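Number of protein chains: 2
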Amino acid sequence: MKSENKTILKERNLKLTIEYNGAKFFGWQKQNEKRTVQGDLEEAFFQLTKQVVEVEGSGRTDRGVHAMGQVATVKILSAIPTENFKVALNNLLAEDVRVKSVEEVDLDFHARFSAKKKTYKYVVDLNETASAINCDLVGHYPYKIDVKKIRKAKQMLVGKHNFKGFCSADTNVKNFEREIYKIDFSLKKNIAIFEVTGNGFLYNMVRILVGTMLDGGRGKITLDSIKKALETGERKYAGTTMPAGGLYLKCVEYNKQ
Amino acid sequence: MKSENKTILKERNLKLTIEYNGAKFFGWQKQNEKRTVQGDLEEAFFQLTKQVVEVEGSGRTDRGVHAMGQVATVKILSAIPTENFKVALNNLLAEDVRVKSVEEVDLDFHARFSAKKKTYKYVVDLNETASAINCDLVGHYPYKIDVKKIRKAKQMLVGKHNFKGFCSADTNVKNFEREIYKIDFSLKKNIAIFEVTGNGFLYNMVRILVGTMLDGGRGKITLDSIKKALETGERKYAGTTMPAGGLYLKCVEYNKQ
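Just so you know, the protein sequences line up as chains S and C, in that order.
Position one of the first sequence corresponds to residue 0 (numbering that gives the first Met the number 0), numbered consecutively onward.
Position one of the second sequence corresponds to residue 0 (numbering that gives the first Met the number 0), numbered consecutively onward.
Next up, chain S with everything else stripped away, as it sits in the complex:
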């Protein structure tokens, strides 16, 4: 014990890549008395290191939303070698959240503020009857869609726009300009997959973008209505908010560290 006390621990900054199934979480962000991904991770760090740390994510994900590649940073004083954290944390965490990698990064690197690009994936089942097995993992949209119309809607949405018409109310936001770098769309055996990459996203933005493309593809709203949503910032011109279960934070990209 005495020799341990003599070790002067330097502050380290750990970058975690995390996968989770959001079905049994009340979202990413810590809340009293509710199970959250951030809360579970901070508790695991506490059990492991006896330190109260803050696990700062690249952004919040809502209740029911999943992640293959959420990124978080943690400032910590600990002698545990970086390569040991992954297994040690996974042993403490429930199986619906897994630490995929842990690396040490510069102290000024921050999961949220250093992020340059994010990619979200949305999976939609277009069959008449949804899959029971995947009910928490896939959105359901039981309508015929015209792929040409989806592609046209997609082209209108890519680029730098005021996305006020494509978000749910969030009092903290004043600037609604975001840039969408690309939207990939694929359709195979009645399962549609959207991948949206941008420099940042407003509250519910991906779910509304996907709902807008689908409603456009089905002919429930016109391409002209989508144009109006972009021009006026009015929510009523955009499409449906798709359910949380089909949404995945796929990856967060940073400049080379």
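Since the hints were made in silico from the structure, they are not lab data.
Relax, there's no trap hidden among the hints.
When the alpha-carbon atoms are kept at most 30 Å apart in a straight line, the in silico DSBU-like pairs for lysine-lysine are as follows: (1) 33/S <-> 33/C; (2) 99/S <-> 219/C; (3) 143/S <-> 188/S; (4) 219/C <-> 85/S; (5) 235/S <-> 147/S.
The structure presented is a predicted model; accordingly, all values stated were derived computationally and were not measured.
Fit chain C to the known structure of chain S by using the hints.
This is chain C only, laid out in the frame that chain S set:
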């Protein structure tokens, strides 16, 4: 109302094909105060027809086990056209259980007693770190396996055998002879899929068969030990019982009705 009372309803026998995600159910079989698939289906029938019916499955599935093709029969007095049941029941059921088809069959057809073959599917993730997203849908076996050994173990298990060594205790069973018609095995990107078709299965039998093939493939048990399990009926010679989440009742086959 009066004219309805005059209609003499004949007893009909409905055959349902059902998909469910077992994660939030305490198995198939009705239990007091616990959510079960049979219980949910009977409640939906009651809401729809105001009749207390018995939904008889082809067999029980345990807590956490899924089905793509569970079959059940229901004897019912109702004027509702057969083709309307599917949508009407799905509107009343939660989204983790879906009726895929409803057809009228002969009165002497029974989901359990008329069944000739059943096929179960088991999905296993062989990666070191399991997927959080699929944690309720896939078993985890983080070991290197030798596919040749798996195939040898598989060949030993196919056929008519006394499977007493491959089941968990179940006081109702006296005859342990079952026939396995085939076992398909595939491995792609570290995800192994087993499909086992047989004339019937003992309690936990598929999960133990898969665990035995995996333990054989990993070298944890020898092929000789598997042979001993078949010969002696002693559970200790067979392999691990794999977890429920990777198991799916894929289909139940009947003679032409």
